[in-house]
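Trainee: Protein chains in written order, with our numbering: chain A, 1 to 272; chain B, 1001 to 1208; chain C, 2001 to 2258.
Incorrect hints may have been included.
[Unchecked claim] With beta-carbon atoms standing in for the labels, derived distance ranges:
hint	chain 1	residue 1	chain 2	residue 2	range
1	B	Met-1054	C	Val-2035	37 to 45 Å
2	B	Val-1005	C	Arg-2029	25 to 33 Å
3	B	Arg-1003	A	Lys-157	33 to 41 Å
4	A	Thr-187	C	Val-2014	40 to 48 Å
5	C	Ile-2240	B	Ile-1057	51 to 59 Å
6	C	Arg-2026	B	Met-1036	36 to 44 Å
7	C	Phe-2232	A	Ala-151	47 to 55 Å
8	B	Ala-1164	C	Arg-2026	44 to 52 Å
9	A	Leu-18	B	Leu-1051	42 to 50 Å
10	B	Arg-1133	A	Lys-82	33 to 41 Å
Derived from the structure by calculation, the hints contain no laboratory data. Glycine is no exception: its CB is placed at the ideal position from the N, C-alpha and C atoms.
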Amino acid sequence: MRALGNVDRRILYVVLILAVLYPLIRPLGLPFRVSDWTLNFYKAVDKMQAGETMLMSIDYSVSGGPDVHPQAQAVFKHALSKKVKVVFVAFVTEGVEFANQMIAVAEKDGGKYGEDFANLGFVPGVEVAISAFAQDILKVYPKDVRGNVTADLPIMKGIKTAGDFKLITEYATGIPGPAEWIRQVQTRYKVPIACGVVTVMGPQNEPYYQSGQIVGLLSGLRSAAEYEIAMKMPGAATAAMDAQSMGHVAIVLFVVLGNIAYLSEKGKKGGR
Amino acid sequence: MRREVPLAIAFVTGAMILFEYFLQPLWKDSKIWAQMLQNWGTVVSGFAMGLAAMNLITVNLRRMDPKRNVEWYNPLILLLGMAAMAGSGVFLGTRSAPWQFLFKNIFQPLGSAMFALMIFFIASAAQRAFRARNLEAVVLLVSGIIVMLGRAPIGELIGLWLPAWADWLVKVPSLAGNRAVMMGAALGMVATAFRALVGIDRAYLGGE
Amino acid sequence: MITAGKISTFLMFVLMIVSIEIMMSRAKRGHLPYVRRIAGIEAMEEAVGRATELGTPVFYVPGRTEINTAGAAQTMAGLEILSYVSELTAKYGTELRTAIAAPNVQPVAEEIVRQSYIKQGKAEAIKPEFVQFLSNEQFAFAAACLDIMHRERVGAAIMVGEFQAETMMLVEGAAQANAITICGTSRTFQIPFFVAAADYVLIGEEMFAGGAYLSKDPVKLGSIAAQDIGKFVGTAFIIIGAILFTMGNKTLLNFIKM
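Next up, chain A with everything else stripped away, as it sits in the complex (with noise of 0.2 Å):
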C-alpha cells in the first residue's frame, strides 16, 4: 500500500501521456454540453449586422496559444460568417503574429484586407497602452503592420476611439486581461467587452460575468470547443476534448490511489 502513495513520478507521467494520447488516436466522442458563458459569447457576436465592425485583441502569448488561439479562431470564424468586420490588435508582441496567420486563412478564402478585416500591430505598454488606443486609435496606430496608413483603410472609416467598435473581444493569458479592458475601456465607453482568456482564468474573470461587465466569457481549449459545437462546426478544439477528458481521469486517479495509500498507512499506524 505504501509504494501506491510512493509511485514514482516518471510511472505517472507515462500514465499520463498514454491517457492523453489514446483517445487522439482512437476517439471516443463524449458529449459535451454548450455553458451559458460561451453561449452568451456566441449570441453577442451572432447579434451583429453584416457591415458592423468587431475588436480583437490578441493578447496571448505562445505559451498559452494551445488554449487560447482556437477560441480566438472560432470567433474569427463566426464573425467573417456574418460579414462583420473585424480590427485586429495586440498587447503582446506575439498578438501580432497570430492574428496574421488568422488573416492569412482568411485571405486564401477570398477575404479582403484592409476591408473585411486589419491588423493594427503592437503595441508597448500594457494597460497605459490600451489607455492611449482606446482614447485615440489613430494616434497610437498611424500604421498598421503592412505599412498602411490605418485612417486610410476603409475598414478604420468612422472609428476614432475603442466607443465606435459595436463589439470588443480580448483574448488574453495574463497581463492584459479582461481586468486591463474594463477598467480602460469598459467603465469609460461602456462598450460591450467579451473575453476568451486560458482556463485557470475563467473562475478568476467569473464576477465581471456576473456583474454584467463582460458579456459572455471563453474559458480555455473546453470553451472553444464548446463555440464550435454553439456554430455548428466542430473543429480541433472539439478533437482534443477527449484527451481533455483523459488527462483529468488520470489526475483523479493518482490522486485517488494517493489517498488509499496515505489512509490505509494512518490506519495502520493507528491500529498498533
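Assemble chains B and C onto chain A, guided by the hints.
Mentor: Just chains B and C, lined up with the frame of chain A:
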C-alpha cells in the same frame, strides 16, 4: 535632488492621471496632459525592453566562460537564438521567410510544449499534496475532484449532477472566496499605490 | 464636477485616502495597530538560515509583471520583501539568486540588493548573478528558473509578487529541488497552486502587509490598518445592499452606479 526629482515626477504623473479620471469636467485639457503622459509611459516601456536585453546579453556573455561554467554552451545557444530572431526581424522584417520559420517552427512549438509540461507538474503536485490530512484537506480534495471531472466531457457521462455541482462550486463558494480576496487585494493595491505616490514607499527607486 | 459614472468610486477613493492618512498619523503618534503573526513572513529568516546551513543559494522571484502595470503594487510588495531577504543573505553570507522577468524591474532589484549589502557592510560580496534578468516570455522564464533551482540546488525559494500560469512549474520545481518554499500573490487563480504545493503562503493582502510588517515602520503599519477600515465599509455595503436589494430597494445599487 537624486531622490526628490523622481519622487516629484511620480507624484505629478500619478496625480494628473487620477485627476483626469475623476475630475476631468473641472479642467477639460487634463485629458490631453493625461494622454501625453500615457504615451510617454508607452515609450519608456519600449526602452526598458532594450535595457533588459542588454542585461541578458551581459550576464550570458559572462556565463560563456568554460572555466567558470561547465555548461558554457547553453548561454551561447541562447545568444545565437536571440541574434537570429532579432536580426531577422530587424533587418529582413517579421514577414520574411526566415523570421516566419523561426516563429512558427521553433518559438511557437517550444512555448506550447513548455505550457504542456505544466500537466506533469500539476499531476506530481496533486499526487503529493492532495492528502486527506484533516477536514479542510478533505473538503479541498472532494471539491477538486468534482470540479476536475465535472468540467470535462467525461463528467456528463458520469451523470448530469456532476457538472451541475461543479458549476455550483465555481459560481458560489469559489466565487465568494475570489471576490473577498480580490477586495482585500484591491484595497492593498490602493494603499500601496498611495504610499508610492506620496513617496512613503520608495521600492521603485531602489530601496531607501 | 466629478466625471459622470465615477461619483461613488471617487467618494470611496477619498474615504480610503482619508482613512490611510488618519491611521498613519495615529501610528506616528505611537498608536501602532496590531498586526497578527504572518507565518510566511516569519519563516523567511528560517528559510534563509536553512539555505545558509546547506551552503546553497536563496532563490527569489519578485513576481513577473512590470512596475507600470496594474500588478505594480504586487511587484513593489515583492521588492520590499527582497530588500529584507537580501539583507539577511548579506548578513549570513548566503548566495542569492534573484530572477527577474520584467525589464523595468531589473535595475530596481539590482539597486535594492546593492543597498542591502551596503547596509550590512558587505558591498564587496555582491555578484552579477545575484540579480539576473531571465526572460519576459512566461515559460522561457519558468524554464530558466527551474534550471537555476535544480542546478544550484537552492535551499530556499521565496516567490512573492504577481504570477501567472507558470506558478505551478515554479513552486513544484522548487519542491522537487527540496527547497523550503515561501510564496505569495494576490492573483486569486494562482493562490490555489501555491497553497497546494508551497510550504508557506502569503494570501492576498498578507503580501502587502509583509513589507510593513518586516520594516516595523509605523507609517506603513498605519496604512495596513486603513485597509481594514476599507474592508469594514465594503462588508457593510455588501450586507446592507443584499438586504435592501432583496426587499426590492435599489438605493444602494443606484448609488454605486452613480
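Trainee: Decide, hint by hint, whether the structure agrees.
Mentor: Status of the hints after comparison with the structure:
At roughly 41 Å, the beta carbons of Met-1054 of chain B and Val-2035 of chain C sit within the given window of 37 to 45 Å. The supplied range of 25 to 33 Å is met by Val-1005 of chain B and Arg-2029 of chain C, whose beta-carbon atoms lie about 31 Å from each other. Between Arg-1003 of chain B and Lys-157 of chain A the Cβ separation comes to about 50 Å, which falls outside the hinted range of 33 to 41 Å. Distance hint check for Thr-187 of chain A and Val-2014 of chain C: the Cβ-Cβ separation is about 18 Å, which falls outside the suggested range of 40 to 48 Å.
The hinted window of 51 to 59 Å between Ile-2240 of chain C and Ile-1057 of chain B holds, with their beta carbons roughly 58 Å apart. For the pair Arg-2026 of chain C and Met-1036 of chain B, the supplied restraint of 36 to 44 Å holds, since their beta-carbon distance comes to about 39 Å. Between Phe-2232 of chain C and Ala-151 of chain A the beta carbons are some 51 Å apart, a value that agrees with the proposed interval 47 to 55 Å. Between Ala-1164 of chain B and Arg-2026 of chain C the Cβ separation comes to about 50 Å, which falls inside the hinted range of 44 to 52 Å.
Take Leu-18 of chain A and Leu-1051 of chain B: their Cβ atoms lie about 46 Å apart, and the range 42 to 50 Å holds. In this structure, Arg-1133 of chain B and Lys-82 of chain A break the distance hint of 33 to 41 Å, their C-beta atoms being roughly 54 Å apart.
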